[in-house]
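**Student:** Listed in order, the protein sequences are those of chains A and B. Okay, so the first sequence: first residue is 117 according to this note's numbering, each after it adds one. Okay, so the second sequence: first residue is 23 according to this note's numbering, each after it adds one.
By construction, these hints were calculated from the structure, which means they are not laboratory data. Computed from a predicted model, the values in this text were never measured in an experiment. Every residue gets a Cβ at the ideal spot worked out from N, C-alpha and C, and that includes glycine. Please note that the accuracy of each hint is not assured.
[What the hints assert, rightly or not] Keeping only pairs whose Cα atoms sit at most 35 angstroms apart, straight-line, the calculated DSBU-like set for lysine-lysine is:
| no. | chain 1 | residue 1 | chain 2 | residue 2 |
| --- | --- | --- | --- | --- |
| 1 | A | Lys165 | B | Lys46 |
| 2 | B | Lys100 | A | Lys187 |
| 3 | A | Lys187 | B | Lys46 |
| 4 | B | Lys125 | A | Lys194 |
| 5 | A | Lys185 | B | Lys100 |
[As the list claims (entries may be wrong)] Listed below are several chain B residues computed to face chain A (Cβ distance under 10 angstroms; list not exhaustive):
| no. | residue |
| --- | --- |
| 6 | Gly25 |
| 7 | Ser29 |
| 8 | Gln59 |
| 9 | Met61 |
| 10 | Glu66 |
| 11 | Phe87 |
| 12 | Ala94 |
| 13 | Phe96 |
| 14 | Lys125 |
| 15 | Phe127 |
| 16 | Gly129 |
| 17 | Ser135 |
| 18 | Leu137 |
[Stated by the list, open to error] Which stretches of chain A does chain B cover? Using the computed rule of at least three CB atoms under 8 angstroms from a CB of chain B, they are:
| no. | segment |
| --- | --- |
| 19 | 155–166 |
| 20 | 217–226 |
Letter by letter, the chains look like this.
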Amino acid sequence: AQSVSQHNHHVILSEAASLELGCNYSYGGTVNLFWYVQYPGQHLQLLLKYFSGDPLVKGIKGFEAEFIKSKFSFNLRKPSVQWSDTAEYFCAVGGSNYKLTFGKGTLLTVNP
Amino acid sequence: DAGVIQSPRHEVTEMGQEVTLRCKPISGHDYLFWYRQTMMRGLELLIYFNNNVPIDDSGMPEDRFSAKMPNASFSTLKIQPSEPRDSAVYFCASSTGTPQGEKLFFGSGTQLSVL
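In isolation and in its complexed conformation, chain A is listed as follows (with noise of 0.2 angstroms):
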């Protein structure tokens, strides 16, 4: 069965602090991993995915996740947040059988 862990339930960081969220992931074959993220009052959106191929993902708003196989981790970065940035955030990893598995997601209030 896939499971995925994410470590912190809560980060508060100040505009300009840069940010990584961790995310841990079992699965006993090829998985494709994602990073969902959620604002106030908004529906789920996709960050970014890694499917194949280079393991440092490029997403919107500045974004990036590493996909790093010996770890099973698929940490999510960012070197400089803003405010806007304050939202729930997912990691999600899916295998040959469909199925999205989600972490139960990290809050992140960054402060003005």
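Could you slot chain B onto chain A? The hints should help.
**Tutor:** Only chain B this time, still in chain A's reference frame:
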């Protein structure tokens, strides 16, 4: 396209009542998913359909939960009877029937409160 449309946005009901959540996927998407979001468990997949046929309902918590997709443009998730522990945000999502894990488009969710 208006995106995935869910109704109602908010539902407050009393324990024991029947609750029906509705979803209209994006036109042309042949996969539809129902998720439940709670603080304790995060986002959980309840069931998904392909071409209106339920493929995997192993996430449906109990027999009180049922889901249907009578046609390509409509799906329902029903809880009967509802219980306070069913309180959560229920999301519907749809996608095209291509590689596994293709981009999901989510609706805005239904906030369910069972008193």
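**Student:** Decide, hint by hint, whether the structure agrees.
**Tutor:** How the hints compare with the structure:
| no. | hint | verdict |
| --- | --- | --- |
| 1 | A:Lys165 x B:Lys46 | 25 angstroms, holds |
| 2 | B:Lys100 x A:Lys187 | 40 angstroms, violated |
| 3 | A:Lys187 x B:Lys46 | 39 angstroms, violated |
| 4 | B:Lys125 x A:Lys194 | 22 angstroms, holds |
| 5 | A:Lys185 x B:Lys100 | 40 angstroms, violated |
| 6 | Gly25 | 8 angstroms, holds |
| 7 | Ser29 | 14 angstroms, violated |
| 8 | Gln59 | 8 angstroms, holds |
| 9 | Met61 | 8 angstroms, holds |
| 10 | Glu66 | 8 angstroms, holds |
| 11 | Phe87 | 17 angstroms, violated |
| 12 | Ala94 | 18 angstroms, violated |
| 13 | Phe96 | 19 angstroms, violated |
| 14 | Lys125 | 5 angstroms, holds |
| 15 | Phe127 | 8 angstroms, holds |
| 16 | Gly129 | 6 angstroms, holds |
| 17 | Ser135 | 17 angstroms, violated |
| 18 | Leu137 | 23 angstroms, violated |
| 19 | 155–166 | holds (count 6) |
| 20 | 217–226 | holds (count 5) |
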